[in-house]
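Given the structure of chain A, go ahead and fit chain B onto it with the hints provided.
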Amino acid sequence: MNSIALLSAAKDGILTGSVYALMATGLTLIFGVMDIINVAQGILVILGAYLSYALQIHWHIDLFIGLLITIPAMFVVGIVIERLFLGRLKGPEKTAMSILVTYAVSLLIEGSLNMIFSVNDVQLQGWYVQKAFAIGSVHFGYIYVAGFVLAVALLSALYFMLYRTRFGVSVRASLADQTSAALVGIDVRRVSTICFGIGVAVTAAGGMIYGSTNAFNASSSYDLISRLLTIIVLGGMGSLGGAMVAGVGMVFVGDMVGVVWSPIWSSMSYFIILAIVLLFRPQGLFGKQMARVA
Amino acid sequence: MKLNGKFLRVLGATTVAGSMALALATDSGAVSKSHAMSPIKIGISLSLSGDFSADGQAFQQGYKLWASDINKAGGLLGHPVTLDIKSDASLPAQVQTNYQALISNDHVALTFGPFSSLLTIPAAKTTARYGYAMVEGAGGAPSVFSLKLHNVFDVALPVANSLVPFANWISTLPASKRPKTVAYVTSNDPFTEPQIPVAQAILSKAGIKSVYNHVFPAEVTDFTPIADAVAAAKPDVVILGATDVPTVSAFMQAFEQSGFSPKAFIATAGPDQGAAFIKAVGKANADGVMVPNSWYGLAANKQSKKMVAEYIKTYGGTPAGVNGDVAEAYAVGQVMAAAVKATGGFSNSKIITYLHSGVKIATVLGGAQFNALGENPSMTAYTFQWQGTTGTKFVQVNPANDPNSVKIVYPKPAWGK
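First to last, the protein sequences are chains A and B.
Each step along the first sequence adds one to the number in this note's numbering, with nothing skipped, and position 34 is 34.
Each step along the second sequence adds one to the number in this note's numbering, with nothing skipped, and position 288 is 288.
Looking at chain B on its own, in the form it has when it is part of the complex:
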């Protein structure tokens, strides 16, 4: 094929300009200060564009915040930390390519995980081949641990049990208040799907009848017909397996337009994205919406409070508006820092052995202690709820016997009221 010079200039200039714009927008954010010792490079693949870009950017903020703090404290064993972040566009194949490049070309000393279980799977497989520890904060699906890779350590809650406090609360309501019917609708994502059967088993046992139970493909762009079908079934409770804000927002909009307002509405993710969620759905519509998680910006944990204060100083906002992803990423850094300190070096094999030793490490999320599969079963699942229409608050409501839980808003107010 013959290409003329003018065309090549056009193509070249366009591609370079495009790449520059993307690079500027998704600044990999190397964090460094002048230190006497050589920098230690940590490789990370993050979704700075694509379906998980909002979560990817939040994770980047968490990693950067941790790197900044560790460097202020003198670095890792005196070495300043540099983050080598590559964007994966939310694509599993690109994650694999990124970790290969990070390890074999960029010669990073350590690796941190990407966002989502979907992307943690290729990340864990690739890093395992090179013998690297993969400490991560967003790969809690059973499909990650079923690989039985020795190098994976998830600091966050194993996702399968996330809905347990919510389901337990529903099933223990007095018979007069207890919902009669429930709809389960979930994206076919490794993060969302495993949560549904666990909740379903508890609710079925309590006599709550399932009137809709379907999985939809992750690539759906129009959720209205699915939401309309859920609304037509008129369930008292809707459990939505979602990974992002647009999915939850679309269901809420379709429910409102159908004149359908369930007594309880919980989504596996989306409402946990703080200010981003409120911006998309509006304060009035958020009232009563619930989400499971293991952390929120108002958590009593001292380390968490310190991190939240630093986050607000750096990025602005309010504690309730801090995305849970930030804390998960920060905790990844804390676990790795503890392992490096304990092993006295950057040997990944020693780090893996140390993290499998049953040691408990304090993080912003709470204690991190890994079982043989790399899960952190010590993490507690909570349910959080948006409450109020003007002074909107994001509060912990379950488990009900937890001292930090406040009274749950039930039934959920009608949309926009």
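Isolated chain A (complex conformation):
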């Protein structure tokens, strides 16, 4: 086995895993606060990538500067989706119904993207997209490093918001028990709407990095959502820390197995770990043991 390949795989796992963690954090935040499984998260990542693409192609706006536009834009998209479709879901079947509704939303967005951008693959461009620097024999792509820094910064901001702000207290209270939160005067509906917006807003950053490291079209969302869902299941549905650990862990383990053993086993290795964890901890690594009362 080649030591450079091993070090490169470790580097790839951590850098790429952090971006997946960011995307999955949005998904798990939405589930934690709203009991909604947002299967549209994959297509929202792709929508975020296409927004960056449109800004770059039509207005020559740099990908990172463009985030100042795309993150708020995706926040608004999230608010609109929540207000139009999800806020109306009620009752014990809410979680199951949310899968259908968000799937319909994803079809709507996918069809629209296909109409606007066609199905031909595109990739985001920038001088830093292809270039890299070396530390020893290991090369670090600028875009991957920037993606890692961006993910860490946004996840830190999210944590700051959750643990250092009054709104964060409301979110955490809603995460713990929506009924009790409402009883102490928290506007759970408003918290839910904003959390959905935040969960969608992070896809702008995730999408920009994804679109810079992969050629994509609207259909790329299918591979993404399956991966994101498995991350939050491993981490524990509704657990932000779990999503981060599982996101980085999943990609890291897969990448290492791909080098040490064979790439054909990289995905399989993750699912084996997932199966073992769920065998002993059905709630995932950091999930709550008891079902929360809605």
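Quick caveat, the hints were computed from the structure, so don't treat them as lab data.
Be aware that one or more of the hints could be misleading.
Label pairs and their computed distance ranges (CB to CB) [unchecked claim]:
| id | chain 1 | residue 1 | chain 2 | residue 2 | range |
| --- | --- | --- | --- | --- | --- |
| 1 | B | Ser378 | A | Lys131 | 45 to 53 angstroms |
| 2 | A | Leu278 | B | Pro92 | 26 to 34 angstroms |
| 3 | B | Lys234 | A | Val169 | 39 to 47 angstroms |
| 4 | A | His58 | B | Ile312 | 19 to 27 angstroms |
| 5 | A | Lys131 | B | Lys205 | 49 to 57 angstroms |
| 6 | B | Lys180 | A | Met268 | 48 to 56 angstroms |
| 7 | B | Ser176 | A | His58 | 30 to 38 angstroms |
| 8 | A | Val260 | B | Lys177 | 33 to 41 angstroms |
| 9 | A | Ala10 | B | Ser146 | 36 to 44 angstroms |
| 10 | A | Met268 | B | Ala372 | 34 to 42 angstroms |
All values derive from a computational prediction rather than experimental measurement.
Quick reminder that beta carbons are idealized off the backbone N, C-alpha and C, glycines included.
Using the frame of chain A, we list chain B on its own:
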């Protein structure tokens, strides 16, 4: 479960709107003109979304172009042709459902194939049960023909030998120029995997050592660690078994970031997607990249030239930018039209018998002549290469003794140079 009216309205409206948007985006494109005779319906399942959507859409363009041409020429035996296209989302199970619905519900008279060997397998099995001929242009993998179904006819090149001209060229280079090492890395797809051992046998015989040989799962979303492992092995040649542009693009990006540029780089598919490939990887990076195929937009074949001109008139672009899928789909229509004309009707059993008779049919791809398994072994494999960084051209480079082949760019220029 009790559902309130408001919720049902929301769900209903969302689903309908979503379906409408998808339907508009993936317009099934029925082609019809007012003719005196009743229309003849041809059923097709295509990947208008999902992993193969880019190829599926290109196939749709090819089928539509053929239908338009045949209708301008008076239709099939005077019947205007209507295409009944259902989207399969690149899912084998949906392909099966689609052909069942096309035959038993929509009562199509004829069927054309989907995109990819992976999807041709369920398509061929399903149509065989109903006794329909399955003429197709993208199911050339051995796994399709190993089914020994009597109804399958692939107009394109059998894929197993696609890399032979490339491997032969490498192995016959003078010893001073001949690469010493090669990496084989392929998706676990029925289209890509069978090509690798054939090339490997030729290169091994020429003394070229394999330094990396692995298969990766088709559902991989991050190719960087695999590409980094290939780069760490520092092979002179990289043979990549890919089915689409994103895979090739990801490997190229990771190679560039690793500071690794092989002397020769060939991918089984992706670079053949014309303008779509260039748009994803950039002109400068495409220089020197190769792909095997049996057709390209600048082919000398007269029928091909006519089709390319019509394509550009309809969809725009340049000859080099026309996706090979378009020609494969168009050729499917040509083979079926010839069979219908020769048999004087739409009897699938007669069409199957006719196509198994050894008859040679001229198509935009060249001659189509089927063996007992439905393969078209008469098709020649070529290697094509992107050349130049500004006036980028897609040219035929192998077999070297073919009059239409131009000088190959070797070694491949460094990425972006």
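So, going through the hints one by one against the coordinates:
1. Separation of B:Ser378 from A:Lys131 is about 47 angstroms and conforms to the stated range, judged on CB atoms against 45 to 53 angstroms.
2. For A:Leu278 and B:Pro92, the Cβ-Cβ distance of about 28 angstroms falls inside the hinted range of 26 to 34 angstroms, so the restraint holds.
3. Separated by about 55 angstroms at the C-beta atoms, B:Lys234 and A:Val169 break the suggested range of 39 to 47 angstroms.
4. Between A:His58 and B:Ile312 the CB atoms are about 25 angstroms apart, so this pair conforms to the stated range of 19 to 27 angstroms.
5. Between A:Lys131 and B:Lys205 the Cβ separation comes to about 39 angstroms, which falls outside the hinted range of 49 to 57 angstroms.
6. Checked against the hint of 48 to 56 angstroms, the C-beta distance between B:Lys180 and A:Met268 comes to roughly 33 angstroms, which is inconsistent with it.
7. A hinted range of 30 to 38 angstroms for the beta carbons of B:Ser176 and A:His58 is inconsistent with their spacing of about 51 angstroms.
8. Checked against the hint of 33 to 41 angstroms, the pair A:Val260 and B:Lys177 passes, with Cβ atoms roughly 35 angstroms apart.
9. The given range of 36 to 44 angstroms is respected by A:Ala10 and B:Ser146, whose C-beta atoms sit roughly 41 angstroms from each other.
10. Look at A:Met268 against B:Ala372: about 38 angstroms separates their beta carbons, and that is inside 34 to 42 angstroms.
The earlier numbered hints that this structure contradicts are 3, 5, 6 and 7.
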